[in-house]
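Here the protein sequences line up with chains V and U, keeping their order. My numbering numbers the first residue of the first sequence as 1 and each following residue consecutively. My numbering numbers the first residue of the second sequence as 1 and each following residue consecutively.
The hints are simulated quantities; they were obtained by calculation from the structure and are not laboratory data. One or more of the hints may lead you astray.
[Said to hold, decoys possible] One side of the interface only, derived from the structure: several residues of chain V facing chain U at Cβ under 7 Å:
no.: 1; residue: D154
no.: 2; residue: G158
no.: 3; residue: L194
no.: 4; residue: L202
By construction, the Cβ of each residue, glycine as well, lies at the ideal position given by its N, Cα and C atoms.
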Amino acid sequence: MTEIIVVTSGKGGVGKTTSSASLATGIAQQGKKVAVIDFDVGLRNLDLIMGCERRVVYDFVNVIHGEASLKQALIKDKRVETLFVLAASQTRDKDALTQEGVERVLDELAKEGFDYVICDSPAGIEKGAHLAMYFADRAVVVVNPEVSSVRDSDRILGLLASKTRRSERGDGGVPGHLLLTRYHPARVEAGEMLSLQDVEELLGIPVVGVIPESDGVLTASNTGVPVILDESSNAGQAYADTVVRLLGEPRPIRFLDAPKKGFFKRVFGS
Amino acid sequence: MGILDFLRSRREPPAAKAKERLRIIVAQERANRGGPDYLPLMRNELLAVIRKYVHVDLDAIDIHLERNGEHDVLELSVALPDGKGGG
Ligand SMILES: Nc1ncnc2c1ncn2[C@@H]1O[C@H](COP(=O)(O)OP(=O)(O)O)[C@@H](O)[C@H]1O
Ligand SMILES: [Mg+2]
Chain V
1 MTEIIVVTSG KGGVGKTTSS ASLATGIAQQ GKKVAVIDFD VGLRNLDLIM
51 GCERRVVYDF VNVIHGEASL KQALIKDKRV ETLFVLAASQ TRDKDALTQE
101 GVERVLDELA KEGFDYVICD SPAGIEKGAH LAMYFADRAV VVVNPEVSSV
151 RDSDRILGLL ASKTRRSERG DGGVPGHLLL TRYHPARVEA GEMLSLQDVE
201 ELLGIPVVGV IPESDGVLTA SNTGVPVILD ESSNAGQAYA DTVVRLLGEP
251 RPIRFLDAPK KGFFKRVFGS
Chain U
1 MGILDFLRSR REPPAAKAKE RLRIIVAQER ANRGGPDYLP LMRNELLAVI
51 RKYVHVDLDA IDIHLERNGE HDVLELSVAL PDGKGGG
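Make the full structure from the sequences, and use the hints.
Laid out in structure tokens, this is it:
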């Protein structure tokens with residue numbers, strides 16, 4: 001059985017691509033066969049975050065249009081044996097993705113024995129975002145502790161419940177988990193930022209992970225290595241915990257408390 | 001807004017204010033979800049009519065569509081300000 005997981009949010013720049021890359025890598029590290037697909041047609045980025053940008057020959061749209069086979073377009077990851085990337089096309093044609101085309105690719109991935117397909121959604125609620133979530137079995141809703149991100153996420157939760165294959169079949173929509181990213185414990189403690197509890201309460205769905213704001217993410221994107229592979233970074237460790245929870249095992253949430261300031265820092269400031 | 005309210009609102013942590021605003025807007029958008037697109041516009045026009053008679057806030061009016069089997073029921077409720085409900 002192939003499980004299709006969409007990583008979505010409504011708002012742009014909240015960490016969908018960062019999360020898709022790390023979650024796909026982490027699940028594959030557990031021995032599962034994983035394909036991660038960039039649905040952001042016209043704004044390809046997942047290839048850069050995965051560090052395979054120079055190996056893109058064919059893309060998702062080429063496969064949909066029959067210009068390449070799926071096998072030709074899937075880029076095999078160099079670090080994790082069972083991980084494959086399908087890049088977005090750089091075409092400006094908004095209708096390049098079709099529902100039938102996406103369905104055909106997903107069916108073929110299932111036939112090829114993939115355990116998981118991770119769909120990295122574009123921002124917005126237009127066609128690309130719609131198709132990324134339409135066939136999903138589960139959703140990871142990426143949200144930042146910030147008003148516009150929370151509101152947009154609620155909008156996305158509404159679409160997952162009503163505009164997906166599961167909802168049209170009467171299966172009750174696509175179940176979602178929250179992934180809270182760019183979390184800043186010190187600012188939460190100072191009352192400047194919404195807390196995990198606030199966001200969970202407002203959106204009313206379970207949290208699958210909290211990823212702290214971390215310099216490691218920038219380093220990771222600079223070098224083209226998903227941050228989950230950086231075991232020294234908080235964000236990397238938080239993504240590793242999230243993978244374990246996504247695969248069904250409970251694990252306590254870490255990095256919720258601000259590092260305690262030492263005496264000198266308290267007296268003389270940071 | 002009185003001076004006390006002003007001082008109080010200045011002391012309220014920004015995150016608490018964000019949460020309160022989100023609580024209201026999310027509830028409102030959920031209530032309208034799945035309803036026809038004209039609902040928000042109709043809500044504003046109804047509000048304009050109501051305001052000719054009583055002064056109420058935009059968030060004192062709650063309008064949503066209830067699905068009851070075959071029938072759709074449009075529910076409208078207005079929280080009237082104290083002492084002005086008698087008409
Ligand atoms: N936990 C984090 N800490 C610091 N920066 C982050 C974190 N998560 C994402 N970012 C940064 O935020 C920006 C947007 O991330 P990205 O994954 O491209 O978002 P999206 O795909 O939702 O548009 C990038 O510059 C990324 O490096
Ligand atoms: Mg992205």
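Supplied contact hint for V/L202, tested at 7 Å Cβ to chain U:
Interface hint status for V/L202: holds (5 Å vs cutoff 7 Å).
Chain U contact restraint on V/G158 - CB to CB distance below 7 Å:
Where the cut-off is 7 Å and the nearest Cβ of chain U is about 5 Å from V/G158, the hint holds.
Return the status of the interface hint for V/L194: holds when the least beta-carbon distance to chain U is below 7 Å, violated otherwise.
This interface hint holds because 5 Å falls under the 7 Å limit.
Cut-off 7 Å, beta-carbon criterion: hint that V/D154 touches chain U
Since chain U brings a Cβ to about 5 Å from V/D154, closer than 7 Å, the hint holds.
The structure is consistent with each of the numbered hints, conforming to all of them.
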